[in-house]
Amino acid sequence: MEGEKMAYKMMNQDFVKLDKFDGSNFIRWQDKMKFLLTALKIFYVLNPNLQPIPDPTPQDTEQLKQQRIKREEDELVCRGHILNTLSDRLYDLFTTMTSPKEIWKALETKYKTEKQGTDKFIIQKYFDFKMMDNVSVLDQVHELQILVHKLNDLSIKIPELFQVGAIIAKLPPSWNNYRKKLLHMAEELTLEQIGTHLRIEEKSRIREGTNSVSKVNEGIVNYVLNSGVGSSKTNKSFRPNKKIVKKTNSNKDKKGRACFHCGKKCHYIRECRFLKNQMKEKELNTSETNVVDKIVAMVSEMQIGMITEVHMANAAENSSEWWYDSGATIHLCNNKMLFKEYVEAGNGLEVLMGNHNTAKVLGTGTVELILSSGKKLKLTNVYHVPDIKKNLVSTSLLSKNGVKVVLESDKLILSKFGVFVGKGYSCNGMYKLSLIINKNDVGCAYIVDSSLLWHARLGHLNFKYMKYMSKHGLISYKQDVHDKCEICIESKIRKKPFPSTNRDSQLLELVHSDVCELNGILTRGGKRYFITFIDDFSRTDGTIQTFKARLVAKGFRQREGIDYFDTYAPVARITSIRVLIALASIYKLVVHQMDVKTAFLNGDLDEEVYMDQPEGFVLPGNEKKVYKLVKSLYGLKQAPKQWHEKFDTVILANGFKHNGADKCVYSKFTSEYGVIVCLYVDDMLIFGTNMLGVCETKKYLASVFKMKDLNEADTILGIKVKRHSEGYALCQSHYIEKVLLKYKASQC
Numbered sequence: 026m027e028g029e030k031m032a033y034k035m036m037n038q039d040f041v042k043l044d045k046f047d048g049s050n051f052i053r054w055q056d057k058m059k060f061l062l063t064a065l066k067i068f069y070v071l072n073p074n075l076q077p078i079p080d081p082t083p084q085d086t087e088q089l090k091q092q093r094i095k096r097e098e099d100e101l102v103c104r105g106h107i108l109n110t111l112s113d114r115l116y117d118l119f120t121t122m123t124s125p126k127e128i129w130k131a132l133e134t135k136y137k138t139e140k141q142g143t144d145k146f147i148i149q150k151y152f153d154f155k156m157m158d159n160v161s162v163l164d165q166v167h168e169l170q171i172l173v174h175k176l177n178d179l180s181i182k183i184p185e186l187f188q189v190g191a192i193i194a195k196l197p198p199s200w201n202n203y204r205k206k207l208l209h210m211a212e213e214l215t216l217e218q219i220g221t222h223l224r225i226e227e228k229s230r231i232r233e234g235t236n237s238v239s240k241v242n243e244g245i246v247n248y249v250l251n252s253g254v255g256s257s258k259t260n261k262s263f264r265p266n267k268k269i270v271k272k273t274n275s276n277k278d279k280k281g282r283a284c285f286h287c288g289k290k291c292h293y294i295r296e297c298r299f300l301k302n303q304m305k306e307k308e309l310n311t312s313e314t315n316v317v318d319k320i321v322a323m324v325s326e327m328q329i330g331m332i333t334e335v336h337m338a339n340a341a342e343n344s345s346e347w348w349y350d351s352g353a354t355i356h357l358c359n360n361k362m363l364f365k366e367y368v369e370a371g372n373g374l375e376v377l378m379g380n381h382n383t384a385k386v387l388g389t390g391t392v393e394l395i396l397s398s399g400k401k402l403k404l405t406n407v408y409h410v411p412d413i414k415k416n417l418v419s420t421s422l423l424s425k426n427g428v429k430v431v432l433e434s435d436k437l438i439l440s441k442f443g444v445f446v447g448k449g450y451s452c453n454g455m456y457k458l459s460l461i462i463n464k465n466d467v468g469c470a471y472i473v474d475s476s477l478l479w480h481a482r483l484g485h486l487n488f489k490y491m492k493y494m495s496k497h498g499l500i501s502y503k504q505d506v507h508d509k510c511e512i513c514i515e516s517k518i519r520k521k522p523f524p525s526t527n528r529d530s531q532l533l534e535l536v537h538s539d540v541c542e543l544n545g546i547l548t549r550g551g552k553r554y555f556i557t558f559i560d561d562f563s564r565t566d567g568t569i570q571t572f573k574a575r576l577v578a579k580g581f582r583q584r585e586g587i588d589y590f591d592t593y594a595p596v597a598r599i600t601s602i603r604v605l606i607a608l609a610s611i612y613k614l615v616v617h618q619m620d621v622k623t624a625f626l627n628g629d630l631d632e633e634v635y636m637d638q639p640e641g642f643v644l645p646g647n648e649k650k651v652y653k654l655v656k657s658l659y660g661l662k663q664a665p666k667q668w669h670e671k672f673d674t675v676i677l678a679n680g681f682k683h684n685g686a687d688k689c690v691y692s693k694f695t696s697e698y699g700v701i702v703c704l705y706v707d708d709m710l711i712f713g714t715n716m717l718g719v720c721e722t723k724k725y726l727a728s729v730f731k732m733k734d735l736n737e738a739d740t741i742l743g744i745k746v747k748r749h750s751e752g753y754a755l756c757q758s759h760y761i762e763k764v765l766l767k768y769k770a771s772q773c
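For the sequence shown, our numbering gives the first residue as 26, with consecutive numbering after it.
No lab work stands behind these hints: they were computed from the structure.
Cβ-Cβ distance ranges computed for the label pairs, FRET-style: (1) G641 to P522: 32 to 38 Å; (2) E697 to K552: 54 to 60 Å; (3) K441 to V604: 39 to 45 Å; (4) M362 to K688: 46 to 52 Å; (5) D734 to S495: 44 to 50 Å; (6) T354 to S495: 39 to 45 Å; (7) C541 to L486: 49 to 55 Å; (8) L608 to I559: 48 to 54 Å; (9) T120 to S758: 46 to 52 Å; (10) E233 to T120: 57 to 63 Å; (11) P522 to K496: 40 to 46 Å; (12) M362 to S451: 23 to 29 Å; (13) K135 to V604: 49 to 55 Å.
With a straight-line Cα cutoff of 30 Å, these simulated DSS-like cross-link-like pairs (lysine-lysine) come out: (14) K724 to K666; (15) K301 to K205; (16) K517 to K489; (17) K175 to K130; (18) K365 to K429; (19) K723 to K745; (20) K723 to K666; (21) K509 to K403; (22) K723 to K688.
Note that the Cβ used here is the ideal one computed from N, Cα and C, for glycine as well.
Can you make the complete structure from the sequences, with help from the hints?
Structure, rendered in structure tokens:
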């Protein structure tokens with residue numbers, strides 16, 4: 026505690042009031058800190074070779090305990106001094122580090138390397154440096170010496186003789202005569218001597234320049250008075266005679282006076298050619314200096330912009346995003362988890378970044394990117410560089426591998442051999458790849474908000490209605506008028522007409538027969554062959570129809586308002602199914618599935634509907650009579666509605682209740698169990714707190730309808746329901762595999 030009080034007391038003194046380090050002039054700040062910490066006798070804690078004191082043990086001596094206490098106090102004081110001299114922005118960045126050695130090393134790593142790559146710029150500035158007449162020569166020599174010190178920090182040593190010669194050569198134009206005098210001196214001058222000479226000469230010039238200026242002003246005033254008197258037209262009484270004018274402007278008067286600038290006779294200062302030449306040379310030098318300063322400013326702005334771009338890249342946090350870089354010659358990745366194949370890199374392998382800094386390469390390998398189109402982009406020889414904050418894809422390497430890159434306004438399109446591969450979008454001046462960044466059994470997440478993706482999500486909705494939805498805040502996407510949906514285009518393509526052929530018009534008019542062998546296997550009766558007969562009229566495609574027991578009515582002949590009124594039939598929403606599956610996972614519910622056989626045949630008709638007798642079942646003698654339908658049939662427009670009303674009546678009679686949000690979700694809770702039934706046309710899911718409630722519900726439904734018990738839920742509406750130890754999961758991987766198998770792309 027005494028060490029901390031002492032440190033805080035010293036920190037309030039002027040001795041430790043250093044300028045706050047804000048990220049610039051690190052070398053200067055580091056030297057001041059070294060002097061301060063050395064004066065406080067705590068700089069030794071920053072020594073990288075300092076051995077740590079072993080952990081405390083009961084056998085420690087009193088001396089070792091005192092050393093440990095002193096080390097901890099010195100490290101605490103050193104850390105406080107370092108953080109106290111940082112700006113607020115840097116203080117918040119490094120305050121989480123507890124060790125002063127760690128903070129010191131982090132500052133050196135981040136800011137000491139910024140001087141790398143600036144040596145050429147400083148050398149250019151040193152050689153282009155020119156002194157001007159309107160600025161003190163000593164001040165300009167001081168600026169030149171600052172550049173020399175910066176070069177010394179970059180390990181570029183300039184001999185003293187060279188520095189003296191450079192100072193003499195860079196003197197302003199008005200010092201030409203004095204420059205020649207210095208060049209013809211026999212002895213070699215040192216920096217101190219040249220500084221003394223220039224100081225004496227400058228003071229002398231200032232003193233002489235003041236006297237000459239007063240003389241010039243005096244001469245000019247006298248001349249104005251003389252010419253004013255001789256040229257006065259308003260006051261005639263004071264008009265001079267011609268003799269005075271001749272004496273004033275005669276060459277004899279010129280010969281008697283000397284020029285106040287060059288000292289020569291026969292002309293005035295306004296006619297001095299030396300003064301005019303010096304003024305022209307001064308204007309030329311000034312213009313050249315301004316041009317050089319503008320160029321230096323432009324170069325500085327370019328360098329600042331480049332560094333800013335690098336810092337912008339460092340600000341990215343998502344390590345799974347990939348960006349196009351036309352200037353990169355290699356692929357770079359900062360996340361080791363993205364590599365499919367990985368090999369450790371040897372020592373000394375580095376990459377040069379845009380701000381002339383270098384970063385270490387820890388390894389190389391292969392990365393596979395899944396583009397938003399579903400295609401995989403395999404990147405080989407990718408460098409693992411943790412220091413770079415953005416994953417970069419080299420455009421030049423893509424072009425070498427046959428991938429064509431096309432830029433269209435704020436969009437980038439990839440294709441290979443004319444086939445679309447993927448795309449990217451402009452973001453903060455760079456192009457970001459549209460990728461599928463998460464692939465698992467539950468679902469996939471896309472980092473893309475293009476209009477095509479939302480078009481597909483909404484079931485290929487018209488772009489006009491998508492724009493309407495976006496205007497009202499329902500969806501958010503980037504409108505691109507050049508996007509064309511290939512699926513919509515293909516679906517609107519018409520088949521070319523083809524000539525019709527004469528086929529059979531009744532049963533048994535054309536029969537196909539074939540004899541088949543059983544591949545060497547004998548039947549139980551010892552037969553080796555079998556024969557098939559296929560009627561072309563009843564089975565045109567050759568498929569065998571089993572258990573076809575449906576009588577389909579000709580619903581297209583029904584008239585609205587006579588044969589039917591309402592046709593709507595509610596079904597369970599997909600969101601309701603997903604919510605119920607989620608509840609089943611949370612509360613460990615039992616989920617079973619059932620299917621209603623010929624569901625529409627169970628509906629009771631409210632209207633009087635008549636139909637012709639079906640072919641093959643016409644009653645002899647009653648050929649002109651028709652049937653009156655009591656139950657609904659497949660094909661009737663009101664069949665779905667009648668089936669739903671029938672099921673609704675039956676399920677409510679068993680004690681179930683409607684759900685307020687979805688009319689196709691029914692629930693029943695007793696003291697022994699709780700059951701939820703979710704109906705989608707003829708498919709239903711049964712959720713129960715235990716098997717007792719599920720079995721009783723199944724038994725009741727089977728007593729009323731013809732049901733197919735599918736036991737535990739497996740597939741509902743094309744969605745796989747997978748059960749595991751933690752609950753349930755939904756996926757459609759089988760649908761994707763089916764589509765890939767259909768288009769022979771399962772091996773891609």
